[in-house]
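For this one, chain A is given, so just place chain B on it according to the hints.
Protein chains: 2
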Amino acid sequence: MSGLKSWVSSANGDTDFPIQNLPCGVFDDGNGARVGVAIGDMILDVAAVDHGQDAGLFSEPAWNAVMAAGRDIWAALRARLTVLLSDEAQRKAVEPHLVPQASAQLLMPFRVTEYTDFYAGRNHALNVGTMFRGAENALPANWLSIPIGYNGRASSVVVSGTPVIRPWGQVKSADEALPRFAPSARFDLELELGAVVGQSSEGMVSVQQADDMIFGYVLLNDWSARDIQAWEYQPLGPFQSKATATTISPWIVTRAALEAFRVDTPERERELLPYLREPGPMLYDIALEVGLAPEGKRETVIARTNYREMYYSAPQQLAHHTSSGCAMRVGDLLGSGTISGPVRESRGSLLELSWGGSEPLRLDTGEERCFLENGDTLTIRGAALGDGYRIGFGACSGKVMPSIELPDWAKS
Amino acid sequence: MSGLKSWVSSANGDTDFPIQNLPCGVFDDGNGARVGVAIGDMILDVAAVDHGQDAGLFSEPAWNAVMAAGRDIWAALRARLTVLLSDEAQRKAVEPHLVPQASAQLLMPFRVTEYTDFYAGRNHALNVGTMFRGAENALPANWLSIPIGYNGRASSVVVSGTPVIRPWGQVKSADEALPRFAPSARFDLELELGAVVGQSSEGMVSVQQADDMIFGYVLLNDWSARDIQAWEYQPLGPFQSKATATTISPWIVTRAALEAFRVDTPERERELLPYLREPGPMLYDIALEVGLAPEGKRETVIARTNYREMYYSAPQQLAHHTSSGCAMRVGDLLGSGTISGPVRESRGSLLELSWGGSEPLRLDTGEERCFLENGDTLTIRGAALGDGYRIGFGACSGKVMPSIELPDWAKS
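Chains as they are written, first to last, in the working numbering: chain A, 5 to 416; chain B, 5 to 416.
Hints may contain errors.
Chain copies aren't distinguished; within one or between two, either way the pair holds.
Mimicking SDA-like on lysine to any residue, the simulated pairs with C-alpha atoms at most 25 Å apart in a straight line are [claimed, not checked]: (1) Lys415 / Ser205; (2) Lys176 / Gly133; (3) Lys403 / Ser205; (4) Lys176 / Gly360.
The set of hints was computed from the structure by calculation and includes no laboratory data. The structure presented is a predicted model; accordingly, all values stated were derived computationally and were not measured.
Excised from the complex, chain A in its bound form (with noise of 0.2 Å):
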């Protein structure tokens, strides 16, 4: 497959939509919103072309009818397009339904159905803890043993290029008696891989039936205001400093898409419980980077890392979050937790970046950040790089605008 090339030209060259890849996503030309998959630079209208019985699963402007139809439907469909894509007889059928990227918006790919964030990256976890308990009691008890999670907002997922309004919320200083209600003055990103459960479960499922229930995975950015976090969080986890905005890549890259691209997770500091232990290589290798550009100004690489770097896997977080007996539906998306490797460079939020504020980080342009300004705009890039091909995610984006005029029934 590595060899395969598309008689679309772009998609051969340096792009993230080899025909290797074929990432889901919806878009809108002006003809209304459709379900597509990224070839080079152009999408290919996929309801436009013969799907046989299947052809229903494509009407409505969302993945989610193909992820309910199940694997077999989805192995059927990325066969069907590679050959479409691929083999030169077809193009001639094939490329009056190729819309370029450029002439097209890109829309949410699949309807949320629940949304959960996890927890599960080492050396975030580490950091976060070393800087709010000490290096003693940095990883807390349980960590090595749960991949911890906790339930987030879905109605706040939005797709990339959506602005993002700085909250407002309750903060409260250290030398502070009383809580203020103001706008975040410490919003941060976290870079994160999201996966999307593409078939429902009732009851406990095993770490290998979760990974066959993963449809694939977007960029993901969890927007986090860590002033109101750290007012709210106790003893009920985070709320409302989470819940503005998550923002997730426009394509799904596919499970199959990725296949090749199997890491194992690190060494087991603690053997895990039977129903967390892997039977194989569930994470991938995705190369990860954040970019901060200051309103009209260039972007500056602020950190690079990798989703190898993760403790726990998708599945093993599915798994876990079935442990319960609680049902998981087509549409859910799950959040990886902060991906930061060990390195300062690597580190996937600003909280980490700044050590809590301290460190400010100083961009090219001179400028320095310690937790996002208004105008700021926030991309996350990713791609799984193989033998003369790349598996892109395209961008995960947002630029941050100012929080909104307080309404007079807020005003003190």
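Structure of chain B alone, referenced to chain A:
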């Protein structure tokens, strides 16, 4: 209104469902699931009566479409049904569309979009805090400023009557070095009221706007595995301990039906920030009780309390929920938090009733309980008591079933 009678004679006696109530449910009498309102011991098949141009709102077996249609539609429907069920002249046309409750199965009254649970009862927070952190640190520092909440799992919300299977999970006692995977041995109830969000929002809403968005209320039991919770909840809050099941009553009592029972929240011990201040009374005087019946035995009422014991109202919780800009949607469900009164007999969980398992509760049958046993049926009942009538919710009930046999892949 309080003197109004129905031509359905059972609606005028000892019933949760007089003409003043008209709660919204979904039933199946063998002829398919459809929306209905309870009246005495009958259900009116709502879609079968004439709604003019609004007829399309009643075609699916869920109240979401009606909720989305907005408050004018809610008021018009209530007025129309009140006439149909009180005016003797309507009897001949309407009576054929009554179905005995005894011959119908009650189903989920609405599709739950997202589920949020709060921690807004002062007595409950004090009791739990005292047990876990000691009397001096019982209330978290933020508690008097924030209606503390966390996102729950919508896929686990079930209707009254659904069996509840005791969950497996990671547990670790203080004298164990490592966790075990075991059935929860401290499985508990939480007596709550649920607010059903009937209108969507973008951006911050006031407490008054939040109140206007609420379609109605249900009884709610947030089943909780205390041993799983104790091991998992630091630092990001409860997750699998709350994901097994949340049971709601089959009837949504509308806000309109509760209007006469509004009461103020208790006096503030700390002044609230302006965005949380209430323009009027937003709690309700709703008497609540919990019954526990061991397998094959009669029920003991183990707690009696009242929704007016809460420190924060549902509109305050909903306003706080939107403070970060979080979008709310039709069908969102907000759990009040456990409703405990000031005395032992008014505590809304076994954790509190048995004081962490140290003071077993004696049932009328002679048995003792610290936490729930297999075969126990737990039933919450509630009603607002009017002048000569009561506005009830029907039973919110669930029977605890033994945990599943562990699959081979999860065995040590």
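Could you tell me which of the hints above the structure violates, numbers in ascending order?
Those not satisfied: there are none.
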